[in-house]
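Visitor: Chains as they are written, first to last, in full-length UniProt numbering: chain U, 1 to 190; chain B, 1 to 190.
These are computed hints drawn from the structure, not numbers from a lab.
It cannot be assumed that every hint is accurate.
It does not matter which identical chain is used: a pair holds within one copy or between any two.
[Said to hold, decoys possible] With a straight-line cut-off of 25 Å between C-alpha atoms, the simulated DSS-like cross-links for lysine-lysine are: (1) 140 / 39; (2) 151 / 68; (3) 68 / 170; (4) 68 / 140; (5) 170 / 151.
2 protein chains.
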Amino acid sequence: MNPQEILKAHLCKTINLTEEEFNYVFSHFKPKRFKKGEKIITEGDIVHDEYFVLSGCLKTYYINDNQKMFILQFAMCTWWASDYDALYNGARAIINLDCITDTEVLCLSDVDREKLCTEFDQIAYFFRWRSNRGYVASQKRLLSFMNNDAKYRYEELLSMYPQLYNLVPKHLIAAYLGVSRETLSRLYNE
Amino acid sequence: MNPQEILKAHLCKTINLTEEEFNYVFSHFKPKRFKKGEKIITEGDIVHDEYFVLSGCLKTYYINDNQKMFILQFAMCTWWASDYDALYNGARAIINLDCITDTEVLCLSDVDREKLCTEFDQIAYFFRWRSNRGYVASQKRLLSFMNNDAKYRYEELLSMYPQLYNLVPKHLIAAYLGVSRETLSRLYNE
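Chain U extracted, bound-state conformation (with noise of 0.2 Å):
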């Protein structure tokens, strides 16, 4: 699928938009593409645009004091990434955003989903139905941290995204579960 049908596939599962109405909706998106371990956004940044994924594979990520990384959100074809507190509030980036592959997007400005929102209900609908999911996806994944195990937790995210076992390197899964790369090891080989 090009880039376009790939879009007006994701969005048609929750809303209704005709042939002219998508045509003029994604003239607002911007492709664009980026090489393996290419920053899209990096602590300290003003945000203003999020990204909905084609090809490859993203990964939103907090580095601490003492150089650890935690990662937030691994991000696929169809899922959206940025930081969204810094793209919703005006504040600095506090995640940055890069490509754990080479990587092709479509690009929006909050400026221009605001709009969209505005001159169609929609769009408007389709980004509140996102934010829900998002939302009731984020408590879960916090549910599941408190109450679960890494190995537990390791079953369940490669049983939600197998394509997540061969396209995230090893490292990467462990900084999501938020476990070091030894005990990482120790459950694959049991």
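Use these hints to put chain B onto chain U, whose structure you have.
Guide: Only chain B this time, still in chain U's reference frame:
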């Protein structure tokens, strides 16, 4: 302030409604009073409503197979609470919602929220904004959970919400931080 004034002040921080519009919106909220300890949502329930707190304090929590309690959220005056996975997605509740103190709420059904969102762009905007905020807060809490020890998270919680100190028993604050009551007592005495 009476219930009407509390909700109006809350909505009008984010959106503009005329007196007439607000009165119409308000007519969809049902006032309810619950006693300390009373259950509003029980695991397994079908959930139709969300709750806007006017006075008192609620908690949402999960009980695992070993009967250990994990608190997802406290909800005080002007906070919203429900099992949002159950509410948005029609799933059975996996969490519980009950009253830490006698509590007064305004209850809004899923059907009425969607009706109001269709009737007023401003209300749709409000709920999108609220979900965005919830998502960002949830991501921050997850990050804090991964990155900070219990002492740091305890101080962070009480500096953000000093009123919790008097409103919420210490064993519930421990269940929110994901530590034992004994660990929390030690932090108190340090």
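Visitor: Take the hints in turn and mark each one as holding or not.
Guide: Do the hints match the structure? See the list:
| no. | hint | result |
| --- | --- | --- |
| 1 | 140 / 39 | between (28 Å within a copy, 21 Å between copies) |
| 2 | 151 / 68 | both (21 Å within a copy, 19 Å between copies) |
| 3 | 68 / 170 | within (15 Å within a copy, 31 Å between copies) |
| 4 | 68 / 140 | both (24 Å within a copy, 17 Å between copies) |
| 5 | 170 / 151 | within (14 Å within a copy, 30 Å between copies) |
In summary, the structure agrees with every hint in the numbered list given earlier.
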